[in-house]
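Asks: Okay, here's what each chain looks like letter by letter:
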Amino acid sequence: MQASRQQPRTLKHQLWVAFLVVPPLAFMSLFVVYPILSAFAYAFYDWQGLARGEFVGIKNFKEVLFGVTMAPVVWNAFLHNVYALVALMIIQNGGGFLLAWLLYKEPFGFRFHRVAVFVPVVLSTIIVGFLWKLFLNPNFGIVNQALYSLGLDFLAKPWLGDSSTALGALILANAWHFVGFPTLVYLAGMQRIPPEIIEAARLDGTNEWQLLKNVVWPLVAPSTTILFTLLFIGAFNWFEIPYVMVGLDGSPFGTTDVLGLVFYRTAFGNQSASIQNFGLGSALATLLFLFIVVFASMLTLWLRRREIQF
Amino acid sequence: MRLTRRILMGAAAGSFLLSGTAAMAQTELTFWSWRQEDKAFYTDVIKKFQAKEPGITVKFETYAPENYQTILSTALAAGRGPDVIQVRAYGNLETIATPGYLLALDKQNVPELANFPETALAAETLRSDGKVYAVPFATQAQLVVYNKKIFKDNGVNPPKTWDEMMALTQALKAKNVTPFGNGTATAWQNETIVGGLLSSMLGKDFEADIISGKANFTDPRFVSALAKLKDISQYFSPNFTGVDYPSSQQLFVAGRAAMFAGGSYEVANFKNQNPTLDLGVFPAPVLKAGDQALIATYYDGGYAVNAKSEKKDAALKFVRFLATPEYGTSFTNTLKNLSPIKDIKIEDPITQDVAKLADNSMSYLMLVRFRYQEPSGSVLLQSNVQKMLAGQQTPEQAAAEINKGIATYYKPFQK
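Heads up: the protein sequence lines correspond to chains A and B, in order.
Heads up: the first sequence begins at 1 in the working numbering, then just goes up one per residue.
Heads up: the second sequence begins at 1 in the working numbering, then just goes up one per residue.
These are calculated hints, taken from the structure and not from any lab test.
Any given hint could be a false lead.
[Said to hold, decoys possible] Listed next, the in silico PhoX-like pairs over lysine-lysine satisfying Cα-Cα at most 25 Å (straight line): (1) B/Lys-404 with A/Lys-62; (2) B/Lys-230 with A/Lys-157; (3) A/Lys-62 with B/Lys-230; (4) B/Lys-404 with A/Lys-59.
Computed from a predicted model, the values in this text were never measured in an experiment.
Turn these sequences into a full structure, and let the hints steer you where they fit.
Replies: Written as structure tokens, this is what we have:
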């Protein structure tokens, strides 16, 4: 940044900037902005498969939010997205924060663990989902096998088939997959804190908990902003792990259904159960998009306010 | 500059020559399918067709089944798409046929339609105009597949009545054999299980009454059949609520379960994975001796002609070829999958059994009658049976939920 500031703002410089900015902007417009706008337009039509029928105004939106058939499914899924958000906020981001603190203190083998904790993030979500599906298989999965060998037979369950544990299992698989990301971001944030601040706090006789709560947590606020916002977006767009592990139907009987699955089933159909309705799918996608944009912006603004300069 | 122009001219001339000769000699058809695993079979079929019609070549292209409908409808909506299309049946056919993407077939342009039974043609008929849009390709049935060796080793025979079925499962369980490989974690498996085990207890009259509106899904025949299913589910694979489709298949293929309630298409699949399996099939057990034993049948899909194709004549010739008894015979014997075409010669004994059973069957009800609108009968049946088998609702509650969903759009239930 320093170097570019010293350069004169010549025509050549401006051309160079344009050369760098225009292609990604064009790319974004074509592959992001245009599809979003067209999905918005599609939502106002009746569809026969992928053939556009007549203009129906806000009928599709009304059906998604209040319709007898669609609304209960949508609100049921929405609730599960909220559960996932809250649970992942605690397990994934909270766990990441604690792991980062452990790594920050550079315990024995921290270089290895710093890499190890990030490895699952690099794996494809399809592989992680499939792997956890195998682990959780009720008859030969290692989770139940481990419980049997520990004599804890009463804890063994058909995890993904039991309505009381299926959503939790998906959330834990997701947390296992992604916990390395908040860990890394928080670790970077902690390493940005001037060591003398932490040293001063220690000299003042704070204990570990006070140090974390009153010094480290406020000072990694910029990391928190980005992580909470990303998790919020991720939790409402959640699709891959549920799709791989429980299928398009949100099995068992809708107890793991999330908005991403509802959208896919509605827009593209579920070969083994239902036909597609592209208009309703587009309306749901539009509403979801607006919801995420509005709330993610509010969340970011609110989180920004608590960031401190140092 | 001069060089580019020369290259362009050369290319133009070359392509003109090429296209000129191609057009004179050959019409090339494209043919889309989701059956990658049947590629060798279709390549062979195309060769046989070309021997009869040397002027036509056919290019066979496949797409993954889960994305097929999306890719196909996107291509058709853009005015492209193949000349000959493998399409699904019932509600999924309608999403493609209703916008006019498919050419209507009749006895004039495809006289071979006479080779098919009415129910098969109905599967490829648009309800709004009553026209047929595809040549059906496979009859599927939901029934019970059993491992003959396990039955023999344990001295048991295929059951006729439900009581015999219960006695049989108890006997197998007592000898530490898992009676059914089935699991319910994959939602659609719940529908195939209902079709395979309960059809005879529901009966053709029940289907007729549902169609006429004389009965609905709260009917005692339906509720008591669901209760029987709940009863027998204790003999499914251990922890069946968490056992998904592939795991349940593995259990049966490995010879660790005696029966599998599901589709006739499973037989070829099981045999491919374990050729040593000695398999048999039987229809859903009847409530009392003397009742009619039924399987639940439906049609998988068909071969259609793109209405926007510029090579309709050639495409129709190919589709007519796919409607001949010769084709049906080779389809049935190569793929071990029953062709709906009449008068075919079946070699495989299990497929013969399926064909014989299919003569006397009811529809695979939710797919055939209630997969046109949301909430589809399939969605309702799958999730409510899954819930019932998990012990979270009674058969009465499941039936009431299914009925409530269908009644939101099905006129005969609204009276």
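Asks: Run every hint past the structure and note whether it holds.
Replies: A quick look at each hint next to the structure:
1. B/Lys-404 with A/Lys-62: Holds - the C-alpha atoms of A/Lys-62 and B/Lys-404 are around 21 Å apart, at most 25 Å.
2. B/Lys-230 with A/Lys-157: holds (20 Å)
3. A/Lys-62 with B/Lys-230: violated (38 Å)
4. B/Lys-404 with A/Lys-59: Answer holds: B/Lys-404 to A/Lys-59 is near 23 Å, not above 25 Å.
Violated hint: 3 only; the structure is consistent with all others.
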